[in-house]
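Here the protein sequences come in this chain order: A and B.
Quick note: the first sequence, position 67, residue 67 per the numbering used here, numbers continuous.
Quick note: the second sequence, position 132, residue 1132 per the numbering used here, numbers continuous.
Honestly, the hints are just simulated from the structure, not real lab data.
Positions of the beta carbon are idealized from the N, C-alpha and C atoms, including for glycine.
One thing to keep in mind: the hints can contain errors.
To be verified - The following label-pair restraints were derived from C-beta to C-beta distances:
#1 39(A) x 1011(B): 41 to 47 Å
#2 13(A) x 1128(B): 55 to 61 Å
#3 1130(B) x 73(A): 23 to 29 Å
#4 1155(B) x 28(A): 32 to 38 Å
#5 1152(B) x 74(A): 18 to 24 Å
#6 1109(B) x 13(A): 18 to 24 Å
#7 74(A) x 1023(B): 18 to 24 Å
#8 1127(B) x 23(A): 53 to 59 Å
#9 1187(B) x 13(A): 29 to 35 Å
#10 39(A) x 1060(B): 45 to 51 Å
#11 30(A) x 1127(B): 26 to 32 Å
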Amino acid sequence: MKVQPQYSVMLFKAVSYVLKAEKILKKEGLPHKLIPVPKYISSDCGICLRFEPAMQNKIEASLLNKVEIEEIREMAD
Amino acid sequence: MSEIKIVNARGLACPQPVVLAKQAIESHEQVKVIVDNDTALENVKRLGTKLGCDVKVEKKKDGTYEINLTRMAGVAGAKEEFVPSCSATSAQSGPFVIVIAEDKMGRGNDELGYVLIRAFLHTVAGQAKKPDVMIFYNTGVKLTVQGSEVLEDLKQLENAGVQLLICGTCLNYFEIKDKLAAGTVSNMYDIVETMGSAGRLLVP
Chain A
1 MKVQPQYSVM LFKAVSYVLK AEKILKKEGL PHKLIPVPKY ISSDCGICLR FEPAMQNKIE
61 ASLLNKVEIE EIREMAD
Chain B
1001 MSEIKIVNAR GLACPQPVVL AKQAIESHEQ VKVIVDNDTA LENVKRLGTK LGCDVKVEKK
1061 KDGTYEINLT RMAGVAGAKE EFVPSCSATS AQSGPFVIVI AEDKMGRGND ELGYVLIRAF
1121 LHTVAGQAKK PDVMIFYNTG VKLTVQGSEV LEDLKQLENA GVQLLICGTC LNYFEIKDKL
1181 AAGTVSNMYD IVETMGSAGR LLVP
């Protein structure tokens, strides 16, 4: 069986927060991907940022006091 | 051997052919259904399989199909209701094509549109039923070059057998031809032909 990379997702209160966070992460060169909020988390048409759990501390640190993070969840396969 | 019941379903609109075929096979051991289109062919074949019949199809020179349904002894027919599909599916009438005409989805706000197209492509890549072909033109080609944030999704699609046709004129116009990182450079002939032969064409 192929081992799938594990990811976490970062959820925000609004799309504008996601965009702001994305700009910061891009500038800092922290790998992430903008994806739709997984269906099992919410059926709203939302977007979130996906990242590797190893990056979580760095990402959180770079967003600290700049963008409010609503929640961080591990992604189910 | 009882006689073969012949159902001439040529010229009949869906779901008429499959309804007639069902009535016939319920009262006859063997039925020959003549249809003149792919949708009817697929529906009658599906009906036969579902009812536990032996299904044989013969394509005739005039473009019609003769479907021979033979009830097999000892096979119980399906209990649940058969639902004919009257909409053409890609397998029946041509490829499922998605056209990416821009590097954004929808009109009104470009920043939001760029968010949406990325979410769209990520979702398409995760679908069980993927398109057969995706065509990229105009600013849509910018999604297929080095540095694109959806490359991972496009490569996943390519690996799954989805053909990505990238407009060469467009790559040339934006001077990014040497940076192409997913798909194959294509031309208007292929694009027109693919769009024209599509069973389903989706433009987000």
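Structure-based check of each hint:
Under the hint 41 to 47 Å, the C-beta atoms of residue 39(A) and residue 1011(B), about 44 Å apart, fit the expected range. Checked against the hint of 55 to 61 Å, the C-beta distance between residue 13(A) and residue 1128(B) comes to roughly 32 Å, which is inconsistent with it. For residue 1130(B) paired with residue 73(A), a C-beta distance near 26 Å keeps the hint of 23 to 29 Å intact. The hinted range of 32 to 38 Å is not satisfied by residue 1155(B) and residue 28(A), whose Cβ atoms lie roughly 25 Å apart.
Checked against the hint of 18 to 24 Å, the C-beta distance between residue 1152(B) and residue 74(A) comes to roughly 20 Å, which is consistent with it. Checking the proposed 18 to 24 Å range against residue 1109(B) and residue 13(A) shows it holds: the Cβ atoms sit about 19 Å from each other. For residue 74(A) paired with residue 1023(B), a C-beta distance near 55 Å fails the hint of 18 to 24 Å. Under the hint 53 to 59 Å, the C-beta atoms of residue 1127(B) and residue 23(A), about 29 Å apart, miss the expected range.
A beta carbon spacing of about 46 Å between residue 1187(B) and residue 13(A) contradicts the range 29 to 35 Å that was offered as a hint. A hinted range of 45 to 51 Å for the beta carbons of residue 39(A) and residue 1060(B) is consistent with their spacing of about 47 Å. Range check, residue 30(A) to residue 1127(B): Cβ separation about 28 Å, and the 26 to 32 Å hint holds.
When held up to the earlier numbered hints, the structure conflicts with 2, 4, 7, 8, 9 and fits the remainder.
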